[in-house]
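Numbering (this note's numbering), first residue to last: 1 to 202.
I should point out that these hints are in silico values taken from the structure, not numbers from a laboratory.
Check each hint, because a few of them may be wrong.
Stated by the list, open to error - Label pairs and their calculated CB-CB ranges:
no.: 1; residue 1: S69; residue 2: Q135; range: 18 to 28 Å
no.: 2; residue 1: S161; residue 2: A94; range: 17 to 27 Å
no.: 3; residue 1: A160; residue 2: G36; range: 32 to 42 Å
We put the CB at the ideal spot given by N, CA and C, even for glycine.
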Amino acid sequence: MVNGLVTELLLIRHAPSQPPGHLYGRTDVAADVPQGADIGAMRQAVGRVARWVSSPALRCRQTLTAMRSDDAPTTDDSRLWEQDFGAWDGLAYADVPDIGQLPPDALAVHRPPRGESFADVVERVGPALLEIAAQNDGARVAVVAHAGVVRAAIALALAASTRDAPAVALSFDVQPLSLTVLQFQAADAITIACANWRPLCR
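Assemble the whole structure, with the sequences as input and the hints as a guide.
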(Lines of atoms letter the chains of each structure in order from A and count residues from 1; the text may use other names and numbers.)
(Lines give C-alpha, C1' and ligand atoms only; values in the text may rest on other atoms or scores of the structure.)
Protein backbone atom coordinates (compact mmCIF):
# COMPACT_ATOMS: atom_id res chain seq x y z
CA MET A 1 0.00 0.00 0.00
CA VAL A 2 2.70 2.42 -1.09
CA ASN A 3 3.45 4.46 -4.21
CA GLY A 4 -0.26 5.13 -4.72
CA LEU A 5 -0.99 1.51 -5.57
CA VAL A 6 -4.41 0.10 -4.72
CA THR A 7 -4.64 -3.45 -3.39
CA GLU A 8 -7.91 -5.32 -3.88
CA LEU A 9 -9.11 -8.09 -1.62
CA LEU A 10 -11.91 -10.09 -3.20
CA LEU A 11 -13.71 -11.78 -0.32
CA ILE A 12 -15.76 -14.81 -1.32
CA ARG A 13 -18.06 -16.49 1.14
CA HIS A 14 -17.98 -20.26 0.72
CA ALA A 15 -20.77 -22.20 -0.99
CA PRO A 16 -23.69 -23.41 1.19
CA SER A 17 -22.72 -25.67 4.09
CA GLN A 18 -24.02 -29.22 4.33
CA PRO A 19 -26.28 -30.29 5.85
CA PRO A 20 -28.17 -26.98 5.82
CA GLY A 21 -30.12 -25.47 8.70
CA HIS A 22 -27.32 -25.44 11.28
CA LEU A 23 -25.05 -22.86 12.90
CA TYR A 24 -21.55 -23.72 11.71
CA GLY A 25 -18.55 -21.90 13.08
CA ARG A 26 -15.62 -24.17 13.83
CA THR A 27 -17.60 -27.29 12.98
CA ASP A 28 -15.83 -28.50 9.84
CA VAL A 29 -18.47 -29.52 7.32
CA ALA A 30 -18.50 -29.83 3.54
CA ALA A 31 -19.93 -27.33 1.05
CA ASP A 32 -22.56 -27.91 -1.60
CA VAL A 33 -20.60 -26.28 -4.42
CA PRO A 34 -22.79 -25.54 -7.47
CA GLN A 35 -21.67 -26.33 -10.98
CA GLY A 36 -22.36 -24.59 -14.26
CA ALA A 37 -23.53 -20.99 -14.56
CA ASP A 38 -23.35 -19.97 -10.89
CA ILE A 39 -19.74 -20.96 -10.34
CA GLY A 40 -18.79 -19.82 -13.84
CA ALA A 41 -20.23 -16.34 -13.29
CA MET A 42 -18.42 -16.03 -9.96
CA ARG A 43 -15.16 -17.21 -11.52
CA GLN A 44 -15.55 -14.61 -14.27
CA ALA A 45 -16.31 -11.84 -11.76
CA VAL A 46 -13.17 -12.64 -9.76
CA GLY A 47 -10.96 -12.87 -12.84
CA ARG A 48 -7.20 -13.26 -12.56
CA VAL A 49 -5.65 -12.79 -9.13
CA ALA A 50 -2.10 -12.79 -7.80
CA ARG A 51 -2.88 -15.11 -4.88
CA TRP A 52 -5.63 -17.18 -3.28
CA VAL A 53 -5.98 -17.22 0.51
CA SER A 54 -8.43 -19.50 2.30
CA SER A 55 -9.76 -20.32 5.71
CA PRO A 56 -8.60 -23.86 6.54
CA ALA A 57 -12.26 -24.97 6.73
CA LEU A 58 -13.21 -27.76 4.32
CA ARG A 59 -16.16 -25.76 2.96
CA CYS A 60 -13.81 -22.91 2.03
CA ARG A 61 -11.15 -25.12 0.47
CA GLN A 62 -13.79 -26.92 -1.61
CA THR A 63 -15.16 -23.58 -2.82
CA LEU A 64 -11.66 -22.37 -3.70
CA THR A 65 -10.95 -25.53 -5.68
CA ALA A 66 -14.13 -25.04 -7.70
CA MET A 67 -13.42 -21.34 -8.24
CA ARG A 68 -9.74 -21.50 -9.14
CA SER A 69 -8.84 -21.61 -12.82
CA ASP A 70 -5.27 -20.32 -12.71
CA ASP A 71 -1.89 -21.24 -11.27
CA ALA A 72 -1.73 -18.43 -8.69
CA PRO A 73 -0.30 -19.60 -5.34
CA THR A 74 -2.73 -20.72 -2.64
CA THR A 75 -2.30 -20.50 1.12
CA ASP A 76 -4.45 -21.21 4.19
CA ASP A 77 -4.67 -18.74 7.07
CA SER A 78 -6.06 -19.99 10.37
CA ARG A 79 -7.00 -16.42 11.37
CA LEU A 80 -9.75 -16.57 8.74
CA TRP A 81 -11.84 -19.24 10.49
CA GLU A 82 -15.48 -18.43 11.13
CA GLN A 83 -16.58 -17.16 14.54
CA ASP A 84 -16.31 -19.78 17.26
CA PHE A 85 -19.87 -20.23 18.50
CA GLY A 86 -18.76 -22.39 21.41
CA ALA A 87 -21.59 -24.44 22.93
CA TRP A 88 -23.90 -23.38 20.08
CA ASP A 89 -21.61 -24.56 17.30
CA GLY A 90 -23.29 -27.14 15.05
CA LEU A 91 -26.76 -26.71 16.55
CA ALA A 92 -29.84 -26.57 14.36
CA TYR A 93 -30.95 -22.95 14.03
CA ALA A 94 -34.18 -23.82 15.85
CA ASP A 95 -32.11 -24.82 18.91
CA VAL A 96 -29.88 -21.72 19.01
CA PRO A 97 -30.92 -19.18 21.68
CA ASP A 98 -32.56 -16.12 20.15
CA ILE A 99 -30.36 -13.09 20.81
CA GLY A 100 -31.78 -11.05 17.94
CA GLN A 101 -33.52 -8.74 20.39
CA LEU A 102 -30.19 -7.38 21.64
CA PRO A 103 -29.25 -3.89 20.39
CA PRO A 104 -26.49 -3.96 17.76
CA ASP A 105 -23.70 -2.80 20.08
CA ALA A 106 -24.55 -5.49 22.63
CA LEU A 107 -24.92 -8.12 19.92
CA ALA A 108 -21.42 -7.34 18.64
CA VAL A 109 -19.80 -8.09 22.02
CA HIS A 110 -22.03 -11.02 23.05
CA ARG A 111 -20.10 -14.28 23.50
CA PRO A 112 -21.85 -17.65 23.28
CA PRO A 113 -20.80 -19.99 26.10
CA ARG A 114 -17.13 -20.91 25.53
CA GLY A 115 -17.16 -19.00 22.23
CA GLU A 116 -16.15 -15.74 20.58
CA SER A 117 -18.05 -12.51 20.12
CA PHE A 118 -18.20 -10.83 16.74
CA ALA A 119 -15.97 -8.09 18.17
CA ASP A 120 -13.41 -10.83 18.94
CA VAL A 121 -13.60 -11.93 15.29
CA VAL A 122 -12.96 -8.37 14.13
CA GLU A 123 -9.89 -8.20 16.38
CA ARG A 124 -8.60 -11.48 14.91
CA VAL A 125 -9.46 -10.94 11.25
CA GLY A 126 -8.61 -7.24 10.86
CA PRO A 127 -4.83 -7.61 11.31
CA ALA A 128 -4.82 -10.68 9.06
CA LEU A 129 -6.46 -8.79 6.20
CA LEU A 130 -4.17 -5.79 6.65
CA GLU A 131 -1.18 -8.15 6.52
CA ILE A 132 -2.46 -9.90 3.38
CA ALA A 133 -3.01 -6.53 1.69
CA ALA A 134 0.43 -5.25 2.68
CA GLN A 135 2.15 -8.41 1.44
CA ASN A 136 0.43 -8.13 -1.95
CA ASP A 137 0.82 -4.41 -2.61
CA GLY A 138 -1.02 -3.28 -5.72
CA ALA A 139 -2.33 -6.76 -6.51
CA ARG A 140 -5.72 -8.47 -6.56
CA VAL A 141 -6.04 -11.25 -3.96
CA ALA A 142 -8.98 -13.64 -3.61
CA VAL A 143 -9.88 -14.60 -0.03
CA VAL A 144 -12.29 -17.51 0.47
CA ALA A 145 -13.77 -17.45 3.95
CA HIS A 146 -16.96 -17.12 6.00
CA ALA A 147 -19.80 -14.67 6.58
CA GLY A 148 -18.26 -13.55 9.88
CA VAL A 149 -14.92 -12.91 8.20
CA VAL A 150 -16.56 -10.86 5.44
CA ARG A 151 -18.45 -8.78 8.02
CA ALA A 152 -15.19 -8.32 9.95
CA ALA A 153 -13.61 -7.02 6.73
CA ILE A 154 -16.48 -4.55 6.36
CA ALA A 155 -15.97 -3.47 9.98
CA LEU A 156 -12.29 -2.89 9.19
CA ALA A 157 -13.26 -0.61 6.30
CA LEU A 158 -15.80 1.28 8.44
CA ALA A 159 -13.48 1.73 11.43
CA ALA A 160 -12.05 5.03 10.16
CA SER A 161 -15.50 6.63 10.04
CA THR A 162 -17.36 5.15 13.04
CA ARG A 163 -16.57 3.77 16.47
CA ASP A 164 -19.55 1.43 16.07
CA ALA A 165 -18.04 -0.39 13.08
CA PRO A 166 -18.59 -3.96 14.41
CA ALA A 167 -22.23 -3.24 15.25
CA VAL A 168 -22.83 -1.63 11.84
CA ALA A 169 -21.09 -4.48 9.99
CA LEU A 170 -23.46 -7.00 11.56
CA SER A 171 -26.29 -5.43 9.54
CA PHE A 172 -24.70 -6.50 6.22
CA ASP A 173 -26.16 -9.53 4.49
CA VAL A 174 -23.49 -12.02 3.35
CA GLN A 175 -24.99 -14.84 1.30
CA PRO A 176 -23.22 -18.11 0.42
CA LEU A 177 -21.08 -17.82 -2.71
CA SER A 178 -21.19 -14.02 -2.66
CA LEU A 179 -18.46 -11.51 -3.45
CA THR A 180 -17.41 -8.48 -1.40
CA VAL A 181 -14.52 -6.31 -2.61
CA LEU A 182 -12.31 -4.06 -0.47
CA GLN A 183 -9.82 -1.62 -1.98
CA PHE A 184 -6.83 -0.69 0.19
CA GLN A 185 -5.01 2.59 -0.42
CA ALA A 186 -3.66 2.63 3.14
CA ALA A 187 -4.38 0.87 6.42
CA ASP A 188 -6.86 3.65 7.28
CA ALA A 189 -8.12 4.27 3.74
CA ILE A 190 -10.19 1.25 2.78
CA THR A 191 -13.12 1.41 0.37
CA ILE A 192 -15.98 -1.08 0.14
CA ALA A 193 -16.26 -1.38 -3.64
CA CYS A 194 -18.85 -4.15 -3.67
CA ALA A 195 -20.82 -6.08 -1.04
CA ASN A 196 -22.76 -9.34 -1.26
CA TRP A 197 -22.71 -9.58 -5.07
CA ARG A 198 -24.03 -12.94 -6.23
CA PRO A 199 -23.93 -14.60 -9.63
CA LEU A 200 -27.26 -14.66 -11.38
CA CYS A 201 -28.74 -12.63 -8.53
CA ARG A 202 -32.49 -12.23 -8.91
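Status of the hints after comparison with the structure:
no., hint, in the structure
1, S69 with Q135: 18 to 28 Å, "holds (23 Å)"
2, S161 with A94: 17 to 27 Å, "violated (37 Å)"
3, A160 with G36: 32 to 42 Å, "holds (40 Å)"
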